[in-house]
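For this one, chain P is given, so just place chains E and S on it according to the hints.
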Amino acid sequence: MSKLESKIPEGNVEQKWSKYKSSVALVNPANKRSLEIIVVGSGLAGSSAAASLAEMGYKVKVFCFQDSPRRAHSIAAQGGINAAKNYQNDGDSTYRLFYDTIKGGDYRAREANVHRLAEVSANIIDQCVAQGVPLAREYGGMLSNRSFGGTQVQRTFYAAGQTGQQLLLGAYSALERQVGLGAVEMYSRHEMLEVVTIDGVARGIIARDLISGKLERHFGHAVLLCTGGYGNVFYLSTNAMGSNVTAAWKAHKKGAFFGNPCYTQIHPTCIPVSGDHQSKLTLMSESLRNDGRIWVPKKAGDTRKANEIPEEERDYYLERRYPAFGNLVPRDVASRAAKERCDAGFGVGASKMAVYLDYKAAIDRYGKTQAKKLGIDNPTAEQLRVFGKQVVEEKYGNLFEMYEQITGENPYEVPMRIYPAVHYTMGGLWVDYNLMTTVPGMYALGEANFSDHGANRLGASALMQGLADGYFVIPYTIGAYLANEIRTKAIPTDHEAFVKAEKEVQDQINKFFAIKGTKSVDHFHKRLGKIMWDKCGMARNEKGLIEAIAEIRALRDEFWKDVRVTGTADEFNPELEKAGRVADFLELGELMCMDALNRKESCGGHFREEYQTEEGEANRDDANFAYVAAWQSTGNGSWELHKEELKFEAIKIAARSYK
Amino acid sequence: MSSGNMKITLKVWRQRNAKTNGQLATYQLNDISPDMSFLEMFDVLNEQLIVKGEDPVAFDHDCREGICGACSMFINGRPHGPKNKVTTCQLHMRSFKDGDTIVVEPWRAAAFPVIKDLTVDRSAFDRIIAKGGYISVNTGNAQDANSLPIPKVDADKAFEAAACIGCGACVATCKNSSAMLFVSAKISQLALLPQGQVERVARAKNMVAQMDAEGFGNCTNTGACEVECPKGISLENIARMNREFYVANLKD
Amino acid sequence: MSNTSKNFLQSSIGKKLVMGLTGLFLISFLVVHCFLNAFIFFNDGGLMFNVGAMFMAKNPLIRAMEYVLFIGLIWHMVQALILTIENNKARPINYAYHNGSANSKWYSRSMGILGTLLLLFLIVHLAHFWVKSRFTGLPGEDANGNENLYAVMQQVFAIWWVVVIYVTGCISLAYHLLHGFPSAFQTMGWNHPKYNPLILKVGTAFSIIVPLIFALMPIAMFAGWVK
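Protein chains in written order, with the numbering used here: chain P, 358 to 1016; chain E, 1304 to 1555; chain S, 497 to 723.
Just so you know, the hints here were simulated from the structure itself, not pulled from any lab data. This structure is a prediction, so every number in the text was calculated from the model and none was measured. Quick reminder that beta carbons are idealized off the backbone N, C-alpha and C, glycines included. Wrong hints could be hidden among the right ones.
As the list claims (entries may be wrong) - Calculated cross-link-like contacts (lysine-lysine; reagent style DSSO-like; alpha-carbon spacing at most 27 Å):
| hint | chain 1 | residue 1 | chain 2 | residue 2 |
| --- | --- | --- | --- | --- |
| 1 | P | K571 | E | K1322 |
| 2 | S | K628 | S | K723 |
| 3 | P | K610 | P | K957 |
| 4 | S | K511 | E | K1554 |
| 5 | E | K1388 | S | K601 |
| 6 | P | K918 | E | K1355 |
| 7 | P | K746 | S | K690 |
| 8 | E | K1460 | P | K746 |
To be verified - Chain E regions said to be covered by chain S (calculated; three or more residues, Cβ under 8 Å):
| hint | segment |
| --- | --- |
| 9 | 1369-1383 |
| 10 | 1408-1418 |
| 11 | 1517-1524 |
| 12 | 1543-1554 |
As the list claims (entries may be wrong) - Residues from chain E shown here face chain P by an in silico Cβ test under 10 Å; the list is partial:
| hint | residue |
| --- | --- |
| 13 | I1438 |
| 14 | V1440 |
| 15 | G1443 |
| 16 | Q1498 |
| 17 | N1509 |
| 18 | S1537 |
| 19 | E1539 |
Looking at chain P on its own, in the form it has when it is part of the complex:
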């Protein structure tokens, strides 16, 4: 098990996927009917995979902890989805999307996977439009695009600020169609709490019916984990309250290696924290950086109101430092630059931990074009403002409303205050080219795997990857495994492996109730989040990480002695659900710190203070760290590191520059 087999097909990167597709083993329709697939999670990856596999004829069961599959957190993605369609005739191509994604990921992603992603990206748009997803259009009836960070072409498709919602509802409708046809059995308000393996092969799951509290055993010839990322380990993040690592973590403890756990994406444009009561952070779409300008006062500790600071006393630091990409540098770069300014004392707002995102210039500019369009030669300043506001409102209205709702400030009049926040985790379960984890029969799709974004994900690429995995990758790659499973009869769930797995889950639940401590689950979660944010957040260093590991261990001990879980096991009990999730975060946090400690370089979202250039840019070490860190759980809270070397054959590995 120690050797990692990535199973990347031979040949040129351009031909790997097409060759693979024409040579991969197939399962005939009659056999598909007797093969059962369990899909955990109903977001973009889960819903699209479940629908596609059911369409092909497999028997599919889908599990989600939410009350409906439509509520999976993919729904909250705002900005858009990338695809190499080149509809704008601006020089885009599969190769460019591939190149941008590899470069954006700071050369820490697997070439073959990323190229495949770029290849299928165009099919995703076709599929979604055919499903009735109302993507934005131009007056001529053609699809509209916008730009996103880290690219110089317009390849992002969008539906106002609700792209994730519309794409998810498309996948959800495809899923519900299969539910209606009886091809998918849907288990909402069910949480997967354990993987069942027999002879090291995934054979099913244990799930808890969240309403009755009953534990259920489900058999599957294959198990697909489409359970999203683990950003909630930081407590405060842009993830949904329920987003968790539990499914992936249980898989990890049953043998699935965890890839690059320290790669965390800190999104640069979120609404700053307003107080201790804060339960989550709200993202302001990256699309706002298309038109907004980011600045801080040139004078440290400036207490004037934003509108009182004259133009010449403003520091548009992204435009200053990165003239080629300006406000559209990738997320990791923008986040670190904001942190750098705030740490140096230039931050704004009450907490001084914020920078301005200003729309005044955009409102003026749009006002002028609009006035021209309307044939007004000498518009007044007020007219310009009104016209400009109208255009901005049409483009970003819902985001501006959201900002006003949360902060009580009108962003049309005063610049928004923003600060980076945890948003996405590039790390995840290690998977091979087939998206299979190191446990045969168990797959990880979407954000739950580690594969496509390297050390940093570009904006509008998460939706692309989730849907690529679900619609266009897994339907092919799963055949490679299931073709050999056609003789495996459904294993009855009274098999000892199911009994044992269920007992493990039951024991943990009993243990929670037996503690009868004094502090709530949230209390521990918040403390874990603070350790992670302070010491394994936007900037990391050896000393902090070593401290963090010790603190997390101590916190974990305290949790298991002093947590209070109210209610009982056989009822709807959100506290019990949270307890299980936080228990897993308390273990994951340690591994993230270990991984960050091990990676003695800075790359993408992983910034080690010891490894930076004189200008404060990330200093990558390709000689020693051009590998995927895949961690194997060896039991009792220890891990063994395996390395998958990253080979760059199609792209020349180079320092990443956005200057």
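Chains E and S alone, transformed into the frame defined by chain P:
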């Protein structure tokens, strides 16, 4: 930075499970900050209850940014509270005054049975979608996305209808517990797009039939749903659904 | 009845259409009724009015329509009753606090009560005029030799509390129409941003003018403005 000084009296519906009866319970909260969201105030309440060893209030919530549609509180007689076009999670305490008493109940409808406290079962919505809220296009069947130009006006209208988050506020506020705004939003979205034409007749009939079978009430055009919808879904959609349904019945 | 149409009439939208169409049909009756009764304002001792009444009473087409009218009325009422029962069933436990006025008009939420008031009024009204005209007979003839329904009106509207009942009935009618008129169009699927204001304006005008004219009849007779 930290907590504020608003005092709030909460009257919250407590119900152990679907089989038991519930009643309103009263809680006093001090030190509430106007910057808190309504759900963060409930976090504070639950934290206090847990420390006292009492059962915290169960309520649905997830994204806390107004898009997943999970949160569902009936606040002072209105779904998602006193502000229009927001969900409960987007409602902030600055919309209330110090000393206010706030009554919080679950969505009430026969088709949305209470699971616990403020949590209700909205799976009826999924079952309605499963009856036709889709376009039958298998993965891989699609043609090039730009081969089908769609007038911007239609695309925009379809988008406005598609903005529905399936929270159920329309049902909750309707005096008849009618689900017509929800159902019409999906029927409209697909009826407005060229892709949706093929299954138009069957969709209208099947989705309406499932809506009726789920036990939702009948629409009497009071217009309450449109006002309370956090996403501003228009009554125009219900009229369009009616047309779709008439035509479907005339045709088939 | 074919299966499709049976299903249609039992569907929520079918039932709603029945309410709308029967409502519009009853509205058309109101127009005719109002127009003919307004003949009393000729103030000619009811001569013109009795001509109209005679025409309505003797014309075979009108007589046939009377049955249709009753069918329409009863259908409207029975359907409303069924809908109300179903709608109550759709919410078995009521809210402790429901702030309906925040999002809708009271009369939109009170169509059942307004309709019940109208029904009560209608019973009184039919007993006063229709029963006499059709069954028990009218008190003699006017100067032209027509049956003198006008005389019955004078008799009935001489009593103050009858006038109060009629005015109350007209107010109920006004509010019932204020919701019912535009609502019928919405039900038929006639909702278009361009034409909605028109429907609303015509509906509001109709809901005020027609009940007002009706209400003026008992008032005018009681006050002696028409003799």
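Name the hints, by number, that the structure is in violation of.
The structure breaks hints 18 and 19; every other hint is satisfied.
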